[in-house]
Amino acid sequence: MKSLVSIIIPTYNRAHLIGETLDSIINQNYPNWECLVIDDGSNDYTKELMEFYSKDKRIKYCHHPDNYKKGANACRNYALRNCKGDYIKFLDSDDLLITDSLLIQAAHLQNNPHLDVSIAYVNYFNGSLDSNWKSKPKKLFSDDLVFDYVMGDFFLSTAGPLWRSSFLKEHHFFFNEKFYRLQDTEFHYRIILKGLNFEFLDRAVVNYRFNTPDAITLDSSDRNLGSIFKYWLYVLNTAKCQNTTNQKRMERFVANNISLVFHRILLNQDSILNRLKTTYIYWRDLMCTLKNANIPAAQKLKFYAGIIITIITGKGLRFFRIT
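Just so we're aligned, residue 1203 is where the sequence shown starts under my numbering, counting upward by one.
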């Protein structure tokens, strides 16, 4: 009997898009799947639409439990704890599975029992599938996975991997519900730190809709920028223990990202007083960044000058670049 694949989809007010996603799942040439759609409190016509799609007993629709934190991460975690599949695929509610995606990746895991995950890349499209481009990593294999992942040469999209369920659950790999941006990046980074057995299929399995008007990725609020800052700080504090041959280069790269994100956070503040308050809140983490990345004294002085200039004028980006 073919292994059961659990497809997990969080959704919020995507009734105008999720139907296409569910159609792409129903049209898979691998029939042994269940799809868990977790609604995070939609107030459009998602409920009515899901009543129609739930006629297919493989599609399970439920509302986000009141005792769970709101957000896509909590929805994914709820479904992850309750799904029954041997394999797990995470999708967004506007992704489109290519017809043979589940067949190819499930066979990959079935034929290679030592693998924790089958990884493939995605096609990005904006409006029309006729105009799409591949999101293919520079590297499909790596001798220094932590370094290549942090530097962006090796990356995982949310929808690209098909995970072995036992691997995620036995190691308690869940999405961090305190993150509002880079939640999938942080999730994959934790897994890579632990170590995983994987192979990369040199093909696309998902069409990923890019730049939808309501996409959260377009939101540069303090909350989202704070998540990005927290991610890079976590990377700096954990990657320091990896003893990679490219340690210094990676630390400078991460410190530069932390610095640039902080500058963007400062620019979000509407007054000198608020920029001062924000600097106070982030000061300790910024000092730890400069110390842990072994930033030279001259660059530290440049960074301090940049903070003062930005607080007063709202400018000063060039002072925040760490090389």
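Hints are computed from structural coordinates only; laboratory data are not their basis. Some hints here could point you the wrong way.
[Unchecked claim] 25 Å max Cα-Cα, derived BS3-like pairs, lysine-lysine:
no. : residue 1 : residue 2
1   : Lys1450   : Lys1432
2   : Lys1396   : Lys1479
3   : Lys1272   : Lys1204
4   : Lys1450   : Lys1271
5   : Lys1450   : Lys1479
6   : Lys1249   : Lys1272
7   : Lys1204   : Lys1432
8   : Lys1249   : Lys1204
9   : Lys1286   : Lys1257
[What the hints assert, rightly or not] Beta-carbon label-pair distances, calculated as ranges:
no. : residue 1 : residue 2 : range
10  : Arg1451   : Ser1368   : 31 to 37 Å
11  : His1374   : Leu1469   : 34 to 40 Å
12  : Pro1498   : Leu1469   : 24 to 30 Å
13  : Asp1404   : His1316   : 40 to 46 Å
14  : Lys1286   : Trp1485   : 22 to 28 Å
15  : Tyr1247   : Lys1450   : 50 to 56 Å
No residue lacks a Cβ here, since even glycine has one placed at the ideal position from N, Cα and C.
Status of the hints after comparison with the structure:
| no. | hint | result |
| --- | --- | --- |
| 1 | Lys1450 x Lys1432 | holds, 20 Å |
| 2 | Lys1396 x Lys1479 | violated, 37 Å |
| 3 | Lys1272 x Lys1204 | violated, 34 Å |
| 4 | Lys1450 x Lys1271 | violated, 38 Å |
| 5 | Lys1450 x Lys1479 | violated, 31 Å |
| 6 | Lys1249 x Lys1272 | holds, 18 Å |
| 7 | Lys1204 x Lys1432 | violated, 41 Å |
| 8 | Lys1249 x Lys1204 | violated, 31 Å |
| 9 | Lys1286 x Lys1257 | holds, 19 Å |
| 10 | Arg1451 x Ser1368: 31 to 37 Å | holds, 36 Å |
| 11 | His1374 x Leu1469: 34 to 40 Å | holds, 38 Å |
| 12 | Pro1498 x Leu1469: 24 to 30 Å | holds, 26 Å |
| 13 | Asp1404 x His1316: 40 to 46 Å | violated, 19 Å |
| 14 | Lys1286 x Trp1485: 22 to 28 Å | violated, 48 Å |
| 15 | Tyr1247 x Lys1450: 50 to 56 Å | holds, 54 Å |
The structure fails to meet hints 2, 3, 4, 5, 7, 8, 13 and 14 from the earlier list, while all remaining hints are met.
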